[in-house]
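S.K.: Protein sequences, first through last, are from chains A and B.
According to the working numbering, the first sequence is numbered sequentially starting from 1.
According to the working numbering, the second sequence is numbered sequentially starting from 339.
Honestly, the hints are just simulated from the structure, not real lab data.
Hints should not be assumed to be uniformly reliable.
Here are the computed lysine-lysine pairs in the DSSO-like style, where the Cα-Cα straight-line distance is at most 27 Å [to be verified]:
1) B:381 to A:256
2) A:323 to B:469
3) A:323 to B:381
4) A:238 to A:313
5) B:393 to A:313
6) A:136 to B:469
7) A:155 to A:256
8) A:256 to A:192
9) A:27 to A:119
10) A:208 to A:323
11) A:323 to B:363
12) A:323 to B:359
13) A:118 to A:87
14) B:666 to A:323
15) A:323 to B:663
16) A:196 to B:663
17) B:340 to A:192
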Amino acid sequence: MSKKNILLGHGSGGKLSHDLIKQLFVKHFDNPVLQQQTDAALLEVKTDSIAFTTDSFVVDPIFFPGGDIGKLAVCGTVNDIAVSGAKPLYLSSSFIIEEGFSIEELEKIVVSMANEAKKAGVIIVTGDTKVINRGKCDKVFINTSGIGALHERQKDISSGNNIQAGDKIIINGSIGDHGMAIMAEREFQNFKTDIKSDCTCLNHLVEKVIDVSSKIRFMRDATRGGISTVLNELVEDKNFGLDIDEASIPVKENVKGMCELLGFDPFYVANEGKIIFVVAAEDAEKVLEAMKQDDAGKESAIIGTITEEHPGKGWITTEIGGKRIIDMLAGEQLPRIC
Amino acid sequence: MKYINEYRNKDLVLQLAENIKKISKKQVSFMEVCGGHTMSIQKFGIPSLLPPTIKLLSGPGCPVCVTDKRFIDQSIAYSRLDDVIITTYGDLIRVPGSTSSLDEEKAVGADVRIVYSILDALKIAKENKDKKIIFLGIGFETTAPSSAVGVLNAEKENLDNFFLFSSHKVMPPAMVALIDEGVRIDGYIAPGHVSTITGSGIYKDVPLKYNLGVVISGFEPVDLLQSIYMLVKQIEENDTKVEIQYKRVVRPEGNITAQEIMKKVFKPKDDWWRGLGILPNSGLALNEQYSRFDAEKMIPVEVEETKEEKGCICGVILKGLKNPKDCKLFKSVCTPVNPVGACMVSNEGACNAYYRFSR
Chain A
1 MSKKNILLGH GSGGKLSHDL IKQLFVKHFD NPVLQQQTDA ALLEVKTDSI
51 AFTTDSFVVD PIFFPGGDIG KLAVCGTVND IAVSGAKPLY LSSSFIIEEG
101 FSIEELEKIV VSMANEAKKA GVIIVTGDTK VINRGKCDKV FINTSGIGAL
151 HERQKDISSG NNIQAGDKII INGSIGDHGM AIMAEREFQN FKTDIKSDCT
201 CLNHLVEKVI DVSSKIRFMR DATRGGISTV LNELVEDKNF GLDIDEASIP
251 VKENVKGMCE LLGFDPFYVA NEGKIIFVVA AEDAEKVLEA MKQDDAGKES
301 AIIGTITEEH PGKGWITTEI GGKRIIDMLA GEQLPRIC
Chain B
339 MKYINEYRNK DLVLQLAENI KKISKKQVSF MEVCGGHTMS IQKFGIPSLL
389 PPTIKLLSGP GCPVCVTDKR FIDQSIAYSR LDDVIITTYG DLIRVPGSTS
439 SLDEEKAVGA DVRIVYSILD ALKIAKENKD KKIIFLGIGF ETTAPSSAVG
489 VLNAEKENLD NFFLFSSHKV MPPAMVALID EGVRIDGYIA PGHVSTITGS
539 GIYKDVPLKY NLGVVISGFE PVDLLQSIYM LVKQIEENDT KVEIQYKRVV
589 RPEGNITAQE IMKKVFKPKD DWWRGLGILP NSGLALNEQY SRFDAEKMIP
639 VEVEETKEEK GCICGVILKG LKNPKDCKLF KSVCTPVNPV GACMVSNEGA
689 CNAYYRFSR
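Let the hints inform the model, and build the full structure from the sequences given.
M.R.: Structure, rendered in structure tokens:
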């Protein structure tokens, strides 16, 4: 590719488009399905059902400590499939690029997506590229969709239909890392911190958990809105509630410090590599041990219990022993974090 | 984390709660004036640790909540001018005015930018010489000195496109007005950061004239419980006075440099407070010498007639006469996503804190 920057022609469908696809996307996403260059990817999926999801990524800045928009676009979709109990298999990737965007940076993003997909064991099988006039979009936006194979016995996980009083609530590590990493990079460049986004694919962790226990009642990744939002969704309009012990929830010192300084509550700050699991009490320790074996679960902890008391509500015992309700995030705490 | 963990020590907290229970005999109500205190009290679940003899009320110390609707309406009018960039702290952009809000104006094309400091607003002014940059100055003695510094810097750098629209306020007139209005309280948990600037002298009339306790408190759970303990002790021993609990930050004389800068740049004016009406000498206007940075004087604008929301009892809540839960709109019509009154908008607002932490 001789050009240094993206031109409108790169999205025209003509020669420039063709070269870009061949020399960038096909080169790095390299796999037999993509090689065929058919209009639609032709896939064989042998399974009871498929899980299908889509997500768009508009994060600003596009490169941040711990990741970039490409890594995020792969992890986000892989994780949405994984927490449904399905095994992620194939992704699509659609790029909306601002005219004038650096091809070198675009390549970095594509390489990052390819690496992450490889780690997660998924392949990117189809895609699209559009170029928008300069100033009409901000650098690059990515949409990824994905499908995964869902086994019959995992079907109830995403609905949480089997949750029972006494079940344990587990998280795979510290909260608030992603939101605060973005915040520091975007708004406080002269603010020295080593906070890194927790952006990572969690399908291998989920596989370990499903392998070790057949009593996983619910999983959801806690992204925008933080863990508060997931904990609220978990009990909303249900005949059970939950109790959380604040002291048991890991928060990194640097994240805690920045939250204190800026008046954020880590409970509401976004994550990109955290899952809330609900597991039958008798399997909780076993699951916890399995989680700790995975790189994305070293700091896993049991943080609470499902209860018959206060149905529909989440209560938290604060770190000082006081009690209060957990509520959802209202409005936008930080725009464009993913 | 140093200076945080020590003040969130669970054993210490529970010991303090126990000590409060031991000495608290009379039925008392204390008002936390500062929105930061309201937040902390709700977030840590402090009411659940207190005996039934103690009631905590939220006062008029959230800057966004006491900002009068007229100020919002005028800010909206400014934002509609073609050559104006509004710079503001984030909380303010969602506060409903009479017919719109700054974020609604932003969505249809107004240039409204969130800043974390007035110095960011100065930077925007330097980068946009063809525009008028208006900084919406809200807050008490805590944020007023930084606005004053902003104006002084603008003068030093000879910026002719930077303007302050001041709704800055001072705390003592509101604290006295509440007692005069007949709000029944026995003591004030006085604001820690305001007092850092002003010192403790500004509260001296409260025990002398009104026989109310005053304890200047820090923001962590141990601070707040110790302050409550000190207040209970004052009341039980009938020995009301001004005490400083937040000694690691607050000095009796305050921050003299900040006081001098404020005095240099601002002069007192009678000001509107949401729910409290006009309080004499409670607001801060720019001194004549700095008129050229005064948005109100330099940028004429037509402002629509201010309409008060029906059914919203923000004013009564700010006075501590009612609890957010007493409001008919609370949680049904008025939520953080769709706030009717300012108390629901700000993180530090009583209604917002109650909504999130204690429904």
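S.K.: Does each hint fit the structure? Answer for all of them.
M.R.: Checked hints:
Only pairs whose Cα atoms come within 27 Å are accepted, and residue 381 (chain B) paired with residue 256 (chain A) is accepted, the gap being roughly 15 Å. For the hint pairing residue 323 (chain A) with residue 469 (chain B), the CA-to-CA distance comes to about 50 Å; that exceeds 27 Å, so the pair is violated. Distance check on the hinted pair: residue 323 (chain A) and residue 381 (chain B) sit about 9 Å apart at the alpha-carbon level, within 27 Å; holds. For the hint pairing residue 238 (chain A) with residue 313 (chain A), the CA-to-CA distance comes to about 9 Å; that is within 27 Å, so the pair holds.
Restraint check for residue 393 (chain B) and residue 313 (chain A): the C-alpha separation of about 24 Å stays at or below 27 Å, so the hint holds. Annotation: proposed proximity of residue 136 (chain A) to residue 469 (chain B) holds, straight-line Cα distance about 23 Å (limit 27 Å). Between residue 155 (chain A) and residue 256 (chain A), the direct Cα distance comes to roughly 37 Å. Violation of the 27 Å bound is thereby established for this hinted pair. Note on residue 256 (chain A) and residue 192 (chain A): the hinted pairing holds, with a Cα-Cα distance of about 14 Å set against a maximum of 27 Å.
As the CA atoms of residue 27 (chain A) and residue 119 (chain A) are separated by approximately 17 Å, the hinted pair is consistent with the 27 Å bound. A hinted pair counts as satisfied when its Cα atoms are at most 27 Å apart, and residue 208 (chain A) with residue 323 (chain A) does not qualify at roughly 34 Å. For the proposed pair residue 323 (chain A) and residue 363 (chain B), the alpha carbon gap of about 24 Å is at most 27 Å, so the pair holds. Straight-line distance between C-alpha atoms of residue 323 (chain A) and residue 359 (chain B) comes to about 17 Å, which keeps the hinted pair within the 27 Å bound.
The hinted pair formed by residue 118 (chain A) and residue 87 (chain A) meets the criterion: a straight-line CA distance of about 14 Å does not exceed 27 Å. Distance check on the hinted pair: residue 666 (chain B) and residue 323 (chain A) sit about 25 Å apart at the alpha-carbon level, within 27 Å; holds. Distance check on the hinted pair: residue 323 (chain A) and residue 663 (chain B) sit about 18 Å apart at the alpha-carbon level, within 27 Å; holds. Restraint check for residue 196 (chain A) and residue 663 (chain B): not satisfied, since their Cα atoms lie roughly 40 Å apart, outside the 27 Å limit.
The hinted pair formed by residue 340 (chain B) and residue 192 (chain A) meets the criterion: a straight-line CA distance of about 18 Å does not exceed 27 Å.
Taken one by one, the earlier hints fail for this structure at numbers 2, 7, 10 and 16, listed in ascending order.
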